[in-house]
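Protein chains in written order, with our numbering: chain A, 1 to 420; chain B, 1 to 327; chain C, 1 to 185; chain D, 1 to 165.
In case anyone wonders, no lab produced these hints; they're calculated from the structure.
In this text, all values refer to a predicted model and were calculated from it rather than measured experimentally.
Just so you know, nobody snuck in bad clues.
In silico lysine-lysine, DSBU-like type, Cα no more than 35 Å apart, as pairs:
no.	chain 1	residue 1	chain 2	residue 2
1	C	Lys170	A	Lys114
2	A	Lys62	D	Lys10
3	A	Lys210	D	Lys21
4	D	Lys10	B	Lys307
5	A	Lys230	B	Lys307
6	A	Lys230	D	Lys21
7	A	Lys210	D	Lys22
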Amino acid sequence: MAVAETKRAIYEGTRIPSPIPSVLQVDPGLREEGDILEVNFGPNHPSTHGVLRLIVELNGEKVVGLQAVVGYLHTGFEKNMEAKTYWKAITYPERIDYVSFQNNELVFVLAIEKLLGIEPPPKAQWMRMLLCELNRIHSHLVWLGTAALELGAISMFWYCFRERDAILDLFELVGGVRMHTRYFQAGGLAEDIPQGFYDECRAFADTMEKRVDDYEALLSGQAIWLERTKGVGLLSAEDAIALGQSGPVLRASGVDWDLRKVQPYLVYDQVDFEVPVYPNGDVYDRYKVHMDEMRQSTRIVQQALHGMPEGPWIVDDRKIVLPPRHELHTSMESLIHHFKLVTEGYRVPEGEVYVTVESPRGELGCYLVSDGGPKPWRVKFRAPSFVALEATATCMSDALVADLIAIVGSLDTVMGEVDR
Amino acid sequence: MREPWWIDVIKAAVIVNIVMLSFAYATWLERKVLGRMQLRYGPNRAGPYGLLQPIADLVKLIRKESFSPTHAIDLLYFAAPVVAAFTALAAFSVIPFGGVWEIGGYEVSGRVADVSIGILLIFALGAIGIYAFLVGGWASDSKYSLLGSMRTAAQLVSYEVSLALSVLGVVIMAGSLSLVDIVERQQETLWYAAPQIVGLLVFFVAGVAETNRPPFDLPEAETELVAGYQTEYSGMRYGLFAMAEYVNMITLSGLAVTLFFGGWSGPVLPGPLWFVVKLALVVFVFMWLRATLPRLRYDQLMQVGWKVLLPVATLNAVVTAIVVVYA
Amino acid sequence: MSSLQGVPGFVEEREDHGETTVVVELERLIEAAYWLRDEAGFNFLSDVAAADYLDWDRPRVAGYWGDPRGRDINSPGSWGLQSQPAPKPRRFSVSYHLLRVESGGGNAPRLRLQVWCEEGEPVPSLVPVWPTADWHEREAWDMMGIPFEGHPNLVRILMEDDWEGHPLRKDYPLGGEPVRFSGEE
Amino acid sequence: MSPQPFDSLKGFAVTFRQMFKKPITQQYPEYKRPVYPRFRGRHRLWRHENGLEKCVGCSLCAAACPADCIRVVAAENTPGNRVSPGERYARIYEINLSRCIFCGYCELACPFDAITLEAEFEISEYSRDDLIYTKDMLLAEPVKRMPVADRDLYDTPTPVWKAES
Chain A
1 MAVAETKRAI YEGTRIPSPI PSVLQVDPGL REEGDILEVN FGPNHPSTHG VLRLIVELNG
61 EKVVGLQAVV GYLHTGFEKN MEAKTYWKAI TYPERIDYVS FQNNELVFVL AIEKLLGIEP
121 PPKAQWMRML LCELNRIHSH LVWLGTAALE LGAISMFWYC FRERDAILDL FELVGGVRMH
181 TRYFQAGGLA EDIPQGFYDE CRAFADTMEK RVDDYEALLS GQAIWLERTK GVGLLSAEDA
241 IALGQSGPVL RASGVDWDLR KVQPYLVYDQ VDFEVPVYPN GDVYDRYKVH MDEMRQSTRI
301 VQQALHGMPE GPWIVDDRKI VLPPRHELHT SMESLIHHFK LVTEGYRVPE GEVYVTVESP
361 RGELGCYLVS DGGPKPWRVK FRAPSFVALE ATATCMSDAL VADLIAIVGS LDTVMGEVDR
Chain B
1 MREPWWIDVI KAAVIVNIVM LSFAYATWLE RKVLGRMQLR YGPNRAGPYG LLQPIADLVK
61 LIRKESFSPT HAIDLLYFAA PVVAAFTALA AFSVIPFGGV WEIGGYEVSG RVADVSIGIL
121 LIFALGAIGI YAFLVGGWAS DSKYSLLGSM RTAAQLVSYE VSLALSVLGV VIMAGSLSLV
181 DIVERQQETL WYAAPQIVGL LVFFVAGVAE TNRPPFDLPE AETELVAGYQ TEYSGMRYGL
241 FAMAEYVNMI TLSGLAVTLF FGGWSGPVLP GPLWFVVKLA LVVFVFMWLR ATLPRLRYDQ
301 LMQVGWKVLL PVATLNAVVT AIVVVYA
Chain C
1 MSSLQGVPGF VEEREDHGET TVVVELERLI EAAYWLRDEA GFNFLSDVAA ADYLDWDRPR
61 VAGYWGDPRG RDINSPGSWG LQSQPAPKPR RFSVSYHLLR VESGGGNAPR LRLQVWCEEG
121 EPVPSLVPVW PTADWHEREA WDMMGIPFEG HPNLVRILME DDWEGHPLRK DYPLGGEPVR
181 FSGEE
Chain D
1 MSPQPFDSLK GFAVTFRQMF KKPITQQYPE YKRPVYPRFR GRHRLWRHEN GLEKCVGCSL
61 CAAACPADCI RVVAAENTPG NRVSPGERYA RIYEINLSRC IFCGYCELAC PFDAITLEAE
121 FEISEYSRDD LIYTKDMLLA EPVKRMPVAD RDLYDTPTPV WKAES
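In isolation and in its complexed conformation, chain A is listed as follows (with noise of 0.2 Å):
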């Protein structure tokens, strides 16, 4: 069998439908005729990662319209966290984005910090850091189980998952649960690093590399997964910034951005790492984003266990930190101070910030408007699987039913984050 070239080049101009720029509509001329089928995928079907409902009209195996329906898991975490003070609504972003749970935990916990105004300490921005990349590799790793299962390559899913299980056991190890840790505290970290992660964590990068080499040999050179992947779901790079694309989308499609690289948060500027960028926009390179992407968190994990400083993990700051456990029993000061924090919760300056960070899936945003009192007054989260499913009308044109479940898949879409 032949291995397929690229087989479409991308498109000059734009193909952004209109009027409606998430819809694809049937050519009227088409209905006509009569041949239309309309399906339903999902919610309930194998491959729509969740209650993705996707309307399809098919001209026999050909996917001429398509509509994409969102809002099935939709639990108004926005809503909720208006009702619970800050240091409780930390518990909530995590929920959102549940595979790229620490990410999410990330931008909230960063936006009250900025409208605070403190800062944490150095051990506490590594070792976000250092969790953080771990969790890119975690979501990358589940994103590659299920996109390659929805493909036919059914190993793949076991081999990432047991990684994934590595990854997981490492939070289980620092945050107490496997993934919704609320590690991540305003001021710095909930608790010290314990000392036997060092090791687990090391041992984890060392055997990392060799599975992502392995990952490759299965797929990377597979004759069928190129001819499936190469040249489908094209998005040009003009395509992608107008449709507000973002991380391993838009680095797919030529465009070299990535938030940690051109708007350094935590300690990204002091690590050294690449940032993988491919030109074609279509699903094979979507793939080849990721693939890079996990060796490149494996090597700032790698980085990070280095160079992680010693020090306080929190800021010493009674106003909005827990006093340390063994001052309860002695001072009442502490002991108010407690009190106070958790009834109450620390108030925050009246502003609104919006903090984005670069998230397995792009640019993870938080709008947060305080109006000065312990609870939020207003939390939107801009979520990049929200915006990536908007493209699919665009990557659809001219796709079979099989393209359009690749190209879904490798949008990379969570929907608990579409619909929070």
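Given chain A, put chains B, C and D in place with the hints provided.
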């Protein structure tokens, strides 16, 4: 003394049961092989090494409610799995698994029926089986099933051609359409896997497609069409479809062993055992493919079938014919 | 950045926490958006965030009380007064978070474009300027009830089609099932 | 990169190789992987060594709970009925575990280390009502003992509320 008719009946009953049992254990083997390739144990709870798992599955499938969609076309909907299973089982009857033995004064041959056009019979039965998939999907009145049926029709029709042509080389070399003759001819010379390597490859690829096995499992591509033509089937009706698929795989592996790997022939061990060992190896390759390869796309499948396999198979037949005639 | 005063319909410019906010007149929002995209180079619309400032300047309290039946999360207790925030011009704000994306760009300049509107007052849709505004504006309509004029497909996105009310408004009560306990007193 | 003709076969080697490795599956009900010392499982209420309850009914845990799943009703200690060393004790202490998100804020909030989250994670029940844990259930020794990894190895420095209880 030639075989009386009642020996044939006994043999048929025994073989049908053995094939059904081997279907059950093919599912077990598949789960074990896939499990080990995917870092798992596979079934290991029901019985030692999970050996009772197929029985448990059978009990589960039989006890499960077999519901049907309201608008399904009843007769066709119910008949389709039966036809599929029947043709699959019937096709195995012409595959020889042993030589001829003397038992109690009777000559008992290691095949249910020695048909002089065995290969053609297998293909003919396979073609009828296609109708079952096609009709079953259409009759269940579901869009996914319909799409699955369409894919089945297109895929099986295109690969049937390559499959038949790939065998032509063997037929020319053996000079017979009877499977027994072909095996015996291989015993005299050498396994046709060597001279007919191209034919073998085409046969194998087309065979994988013909049996809807990954990476050619488009008609039931779970992540695209939910389960294709069998979406609306449940309980033992689904079980019959699954059985048809696995029996087809076993039959095809048996055919591959017969045509290319010398059938039951082999040193020391008795013929049927050799046959089973070779069969298991071919079946293993089927499972290995499933563990490793992603699924093809519909148009690529058509391209592979018509633009690669068909010309290669034709060329192979022509070259073989020229060599046989002039050498 | 006094150059921002050239934005059509310029009302106000704020620097806060290192973020620049430009408030423009509602009527000239599209003009301002085109200007910011084409003249200032903000080619990337990151987010459209609407906020409801109903009762923003009402004297407020912090914290809430619990009682044996659970907690009334809609009416706060009187734990202690907090300071009064600065008044807002209208009830709703719509903030467009803009970003300049350049391949290999050295930094990421951001800008918040903000308009203020009253309830039911239509806001011009920015879908022609940034196509990505499509779903963001639908979400703002769904959650906050801000009608976007000229939007090609302004229907609910997260809630069901026949949902009543706009859940993220401040006057929309926080519902939910009470937490079950044993009922023992 | 241009794919080599035999790259497609590399994948077969990968899958074949795995057959000879030990599976990574853990045979769960028989084998339980020790949880790490910081693991947050089911709650446990503690007593002092003299048998009095550590909880003084201050309701800080209920205030800290993001899921509102803790209910505390306090009562006064009397000389005849002394339950806790403080002035008051928790007459009713209930946790609705079907609501709990295991964030561990209650153990952070408790100033007396009276409540901690322990290693137990097998807490499924057939009825929602069975998941409402009362004070007696929380005070009792857990029926199932979960293995915990070596604390010296994995949890130094130990958080105070785990060290003392």
